[in-house]
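Peer 1: If you want the building blocks of each chain, they are given just below.
Number of protein chains: 4
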Amino acid sequence: MPLSPEQQAEIDSARAQSAATRRPTAPALEEILYSALPVLDHGFVRVVDYMGDDAAVVQAARVSYGKGTKRVSEDAGLINYLMRHRHTTPFEMCEIKYHVKLPIFVARQWIRHRTANVNEYSARYSILDNEFYIPKAEHLGAQSTSNRQGRADALTGKDAERVLQILREDSQMTYDHYAEMLNETDKGEVVDPNRTGLARELARMNLTVNFYTQWYWKVDLHNLLHFLSLRADPHAQYEIRVYADVMLETVKRWVPLVCDAFLQYRMGGVHLSEKALQAVKRMLGGEKVDQKESGLSLREWREMLEALGIEPK
Amino acid sequence: MPLSPEQQAEIDSARAQSAATRRPTAPALEEILYSALPVLDHGFVRVVDYMGDDAAVVQAARVSYGKGTKRVSEDAGLINYLMRHRHTTPFEMCEIKYHVKLPIFVARQWIRHRTANVNEYSARYSILDNEFYIPKAEHLGAQSTSNRQGRADALTGKDAERVLQILREDSQMTYDHYAEMLNETDKGEVVDPNRTGLARELARMNLTVNFYTQWYWKVDLHNLLHFLSLRADPHAQYEIRVYADVMLETVKRWVPLVCDAFLQYRMGGVHLSEKALQAVKRMLGGEKVDQKESGLSLREWREMLEALGIEPK
Amino acid sequence: MPLSPEQQAEIDSARAQSAATRRPTAPALEEILYSALPVLDHGFVRVVDYMGDDAAVVQAARVSYGKGTKRVSEDAGLINYLMRHRHTTPFEMCEIKYHVKLPIFVARQWIRHRTANVNEYSARYSILDNEFYIPKAEHLGAQSTSNRQGRADALTGKDAERVLQILREDSQMTYDHYAEMLNETDKGEVVDPNRTGLARELARMNLTVNFYTQWYWKVDLHNLLHFLSLRADPHAQYEIRVYADVMLETVKRWVPLVCDAFLQYRMGGVHLSEKALQAVKRMLGGEKVDQKESGLSLREWREMLEALGIEPK
Amino acid sequence: MPLSPEQQAEIDSARAQSAATRRPTAPALEEILYSALPVLDHGFVRVVDYMGDDAAVVQAARVSYGKGTKRVSEDAGLINYLMRHRHTTPFEMCEIKYHVKLPIFVARQWIRHRTANVNEYSARYSILDNEFYIPKAEHLGAQSTSNRQGRADALTGKDAERVLQILREDSQMTYDHYAEMLNETDKGEVVDPNRTGLARELARMNLTVNFYTQWYWKVDLHNLLHFLSLRADPHAQYEIRVYADVMLETVKRWVPLVCDAFLQYRMGGVHLSEKALQAVKRMLGGEKVDQKESGLSLREWREMLEALGIEPK
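Top to bottom, those sequences are chains A, B, C and D.
The opening residue of the first sequence carries number 1 in the working numbering; numbering runs sequentially from there.
The opening residue of the second sequence carries number 1 in the working numbering; numbering runs sequentially from there.
The opening residue of the third sequence carries number 1 in the working numbering; numbering runs sequentially from there.
The opening residue of the fourth sequence carries number 1 in the working numbering; numbering runs sequentially from there.
It is possible that some hints are incorrect.
[Unchecked claim] Label-pair ranges, simulated between beta-carbon atoms:
1) D:R302 - A:P234: 38 to 44 Å
2) B:A152 - D:G286: 34 to 40 Å
3) A:P234 - D:L298: 54 to 60 Å
4) C:S297 - A:A137: 43 to 49 Å
5) D:Q17 - B:P312: 39 to 45 Å
6) B:S297 - D:Q17: 39 to 45 Å
7) B:S297 - A:M267: 26 to 32 Å
8) C:N130 - B:A152: 40 to 46 Å
9) A:K136 - D:N130: 26 to 32 Å
10) C:S297 - B:A9: 31 to 37 Å
[What the hints assert, rightly or not] Some chain A residues close to chain B (C-beta under 8 Å, calculated; not the full set):
11) A60
12) W110
13) R114
14) V118
[Stated by the list, open to error] No more than 25 Å apart at the CA atoms, straight line, and that leaves these computed lysine-lysine pairs for BS3-like:
15) C:K281 - A:K275
16) C:K187 - C:K158
17) C:K292 - A:K281
18) B:K281 - D:K136
19) A:K292 - A:K281
20) A:K292 - C:K281
21) C:K252 - A:K281
22) D:K292 - B:K281
23) D:K288 - D:K275
24) D:K292 - B:K275
25) D:K158 - D:K136
26) A:K292 - A:K275
27) C:K288 - C:K275
28) B:K275 - B:K252
29) A:K136 - A:K158
30) C:K158 - A:K281
31) C:K292 - C:K275
32) D:K281 - D:K292
33) B:K288 - D:K281
34) A:K281 - C:K136
35) B:K292 - D:K281
36) B:K275 - D:K252
37) B:K275 - D:K136
38) D:K275 - D:K292
39) B:K281 - D:K252
40) B:K288 - D:K288
Hints were generated in silico from the structure; no laboratory data involved.
Quick reminder that beta carbons are idealized off the backbone N, C-alpha and C, glycines included.
Looking at chain A on its own, in the form it has when it is part of the complex (with noise of 0.2 Å):
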């Protein structure tokens, strides 16, 4: 359950709660606003603003354009037509912000991405909850041995049930030992008045790195899609996928026209470098091509034959 009673009341109220505006909406985006959507065991994505819709984009590509843009007069054609050209500046007349709760090492993959604002949960300042994130057993992939960021078939058996057992009880030590350090309640009282309680900003350093934290995270609508086109990605990290995932739902549903080309032209497309499409046309006018003269390397080589549906001999 990721949200508290609390929260939840909160949430009910914000969304209870309209107003009139003169600002473009998304209709299907507000349907969701401030809902928190699950993510793993704890964790969640909740879409708290926006601005901008799929005819914000056009606007800002029609003054770039100006007159000159009458032609292209359809907005589905338009927006294609900036995606596959890599005209960027126009997505980025539109903004979003979600609140997000995920576990430290997700976070910290996720911060990579500099182009966006941030507010974390400090726990300088206040105690973090007992939350961890625990994987369930099919998510316990071994390393794999052909590549050395991903993950092979999941452990089983007593592997599982190992991994498992150290994940749940070294968090669960590491926060007991936390609290005790800190020998106050979330409200400040003292729990031991015989002992002097360690300062947050050390006590936390006890914490194992799937523990969760949450922060608000704003960006505009180019730099999400470049985020997603990495985190939404089959290489990505389960973990940071599948809140990737769920924020591309959020952008279907407040940019369906943008959404839809995002994927026909970017997360759909493949990329040929020069020798590739080299090959490509020499296939394509009826050559048999091979590796060695295509001065692709046998890695390359074999991405190309892959992306293309062709089987390897």
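Given chain A's structure and the hints, the job is docking chains B, C and D onto it.
Peer 2: Positioned in the frame of chain A, the structure of chains B, C and D alone reads:
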């Protein structure tokens, strides 16, 4: 007249729309949403979208400080605290989008602020209108002799007349030649079928930098305040300051508590260097301090006296 | 002649100096350090400082991947891998600083790239030189009818002559009037004691955007390559492309392995959308595919055929 | 001991190299280039590259101000002027690259500064070393009761012992379990062939945030000074302040004039709000001013008195 009848009709139509939203709204800003606030002779500033309000700043700060912030319970107090101690990230949680029409030379100063999103009208694609900035006579400042980047008293009589004549005639002539080189109407029709028109991207190079351009400019509140602290300052060039002044009014409508704090703690205050602080301490202790022994340069000494409202002897 | 004798002497003196350093050096770039590489009629590009080399990219990647990267042991292979998979952060570890002299309208395109540091010559403080860009006759492209932002064949005969006449005369006249309004030499001496000079920040507004300005522009290698991918592209305006072309040569001298990878994987390749990829797969499988059933728009279909070197029927 | 013999050998070898360069050099910084400056129990800061020097700041300012700057002819004077009037862009023309080893919880504070380039050691790819931060007993501050984010006096006796015992034992135990789950050596050899090792990207989640990570961090001088103004401040957490202190020493070696100006005009000074300035003016005029009529809150009043070195009554 900054707006064409078409543009005014478009604005009226946008202003007539209203939709329900669950998002925070800023009613005083909604009142002027989309309206063109006139600046200089043909320019304007229009707020075309916004996200967040005073409460959004408070909310972001509360996420950061969590349960630790109970004591600073009042919103205005918390906002003042954030502004005073330069905790800037909560102010990044609000965003605003302007449509601005401005002379090219003002746009060139403005664009130095890189932490914003911009879509500018492109003279590669489209034809610029015949609109250029001519200062009022009272703004035709002479070159200041004490300050390399400043203006002294305005020119008068024949000197002023001659300047205005030059600016008007040269602007009009370079535009006429621009149109001649283009040899097309803004609807793309050929004017003189016996001549070939020059590409727009080339013809534009004949225009002077007092011609008007326009752009969408989107920025977060923190970076907007930084912009205003520099551009609403008496040292800023008059022609950009008038834009900043109008924008400051929109900030007041949008986030009144933040605006008050900004005026109190940023615009209205003064920064004392280490040596200036030493001098002030000694003066408060009743000592006579003179420039030489203060360690301050003559220029710094004068700046300090002026800031403290002390007449130099 | 882009350089005054004074400037040339300064450059010669800077080039004559040499010091010992423990930092990585790029000898081929040192050869041309500080030299003015001419661009257009009065412009130039000078490399005035740099940090890092090919090995610095490799080193940064190795920190990220740590002991896990033993297998990709060769520098060129690792750099290709990073470029191919858009692992961009290691390329941010190199930095370069240019001194560029360029027409104002080129500077306005250039500055849209915000992820760089800029110090531009200020016409508020100082007086601009009487130098403006006049295109060669062969670059006076007509407006393209198929492409709103492109040029067709060059004007000829009287059409070209008239354009060159306008550009030359208007530039010279606006400068003469600029000088008249200033009423001071560039050493600050009054020219005509019976007139009051206009402030520099105002007088400059009479200059056309083909006048030259100059700046220091500092950027990291990743963002420089992004800039070059857009501006060394055939779709970029000729007047900025010639700057990008010269800069690409400096990149070749600085980080030759990165430059090769950039040309192979970024500049020389092609991106296929999801539908284009489907079409290519089917063609490779021996099917006839036509535009309609491909789901691609006519324009996309043509772009795909062109990229694949297939003649449209 | 922060360095392994291998690392020390690598550093010695890098330090032994020397090449000729035409670039500006900072001899005092060259002296310590690549050397590991120890911080905390296992951390370090190393300068691994730099670009520019004091003169580069001056040169950039001169480009901006052009011939207009003749009067401020001395470098130190110009640098002081730039710092005092917050003309920040010339400081962006210098760049420095650090290699830093630091506890994860420090890295998490540090990374909030987004205007820098980072390559961090990745525990997805590689195995972390068994190195964690244990504070010295004298740094085990109690939670401050007056300041939510501060420390009071250090714990003593049994309280301190217990904290150190917890931190040591939990760190060691979570690492042992991390290694057990990995079931591989850092050379990739399987430890126990009867068990399947967990993927590195998952196993790492069992480590506490006092474990050391490392990164390359590259930043321009302006943003570095901003970082130092916040992190070398007494309000910063001790564990990040010690890094900032060491980095400030490297700045002194690199750009001594800039460093002096920074200490004089940024670190050593004080900012007075509008109301505080009014109060100071009145005091200087001989009036008695008390908190209530000053319009300052009690807290602000105290902060002002403290800044001015006045004993509160």
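Peer 1: Against this structure, judge whether each hint is valid.
Peer 2: For each hint, the structure was consulted:
no., hint, in the structure
1, D:R302 - A:P234: 38 to 44 Å, "57 Å, violated"
2, B:A152 - D:G286: 34 to 40 Å, "36 Å, holds"
3, A:P234 - D:L298: 54 to 60 Å, "58 Å, holds"
4, C:S297 - A:A137: 43 to 49 Å, "47 Å, holds"
5, D:Q17 - B:P312: 39 to 45 Å, "57 Å, violated"
6, B:S297 - D:Q17: 39 to 45 Å, "43 Å, holds"
7, B:S297 - A:M267: 26 to 32 Å, "60 Å, violated"
8, C:N130 - B:A152: 40 to 46 Å, "25 Å, violated"
9, A:K136 - D:N130: 26 to 32 Å, "29 Å, holds"
10, C:S297 - B:A9: 31 to 37 Å, "32 Å, holds"
11, A60, "4 Å, holds"
12, W110, "16 Å, violated"
13, R114, "12 Å, violated"
14, V118, "7 Å, holds"
15, C:K281 - A:K275, "18 Å, holds"
16, C:K187 - C:K158, "41 Å, violated"
17, C:K292 - A:K281, "22 Å, holds"
18, B:K281 - D:K136, "38 Å, violated"
19, A:K292 - A:K281, "16 Å, holds"
20, A:K292 - C:K281, "22 Å, holds"
21, C:K252 - A:K281, "28 Å, violated"
22, D:K292 - B:K281, "22 Å, holds"
23, D:K288 - D:K275, "15 Å, holds"
24, D:K292 - B:K275, "29 Å, violated"
25, D:K158 - D:K136, "15 Å, holds"
26, A:K292 - A:K275, "12 Å, holds"
27, C:K288 - C:K275, "15 Å, holds"
28, B:K275 - B:K252, "36 Å, violated"
29, A:K136 - A:K158, "14 Å, holds"
30, C:K158 - A:K281, "45 Å, violated"
31, C:K292 - C:K275, "12 Å, holds"
32, D:K281 - D:K292, "16 Å, holds"
33, B:K288 - D:K281, "16 Å, holds"
34, A:K281 - C:K136, "38 Å, violated"
35, B:K292 - D:K281, "22 Å, holds"
36, B:K275 - D:K252, "20 Å, holds"
37, B:K275 - D:K136, "36 Å, violated"
38, D:K275 - D:K292, "12 Å, holds"
39, B:K281 - D:K252, "28 Å, violated"
40, B:K288 - D:K288, "19 Å, holds"
The structure is inconsistent with the numbered hints 1, 5, 7, 8, 12, 13, 16, 18, 21, 24, 28, 30, 34, 37 and 39, although it conforms to all the rest.
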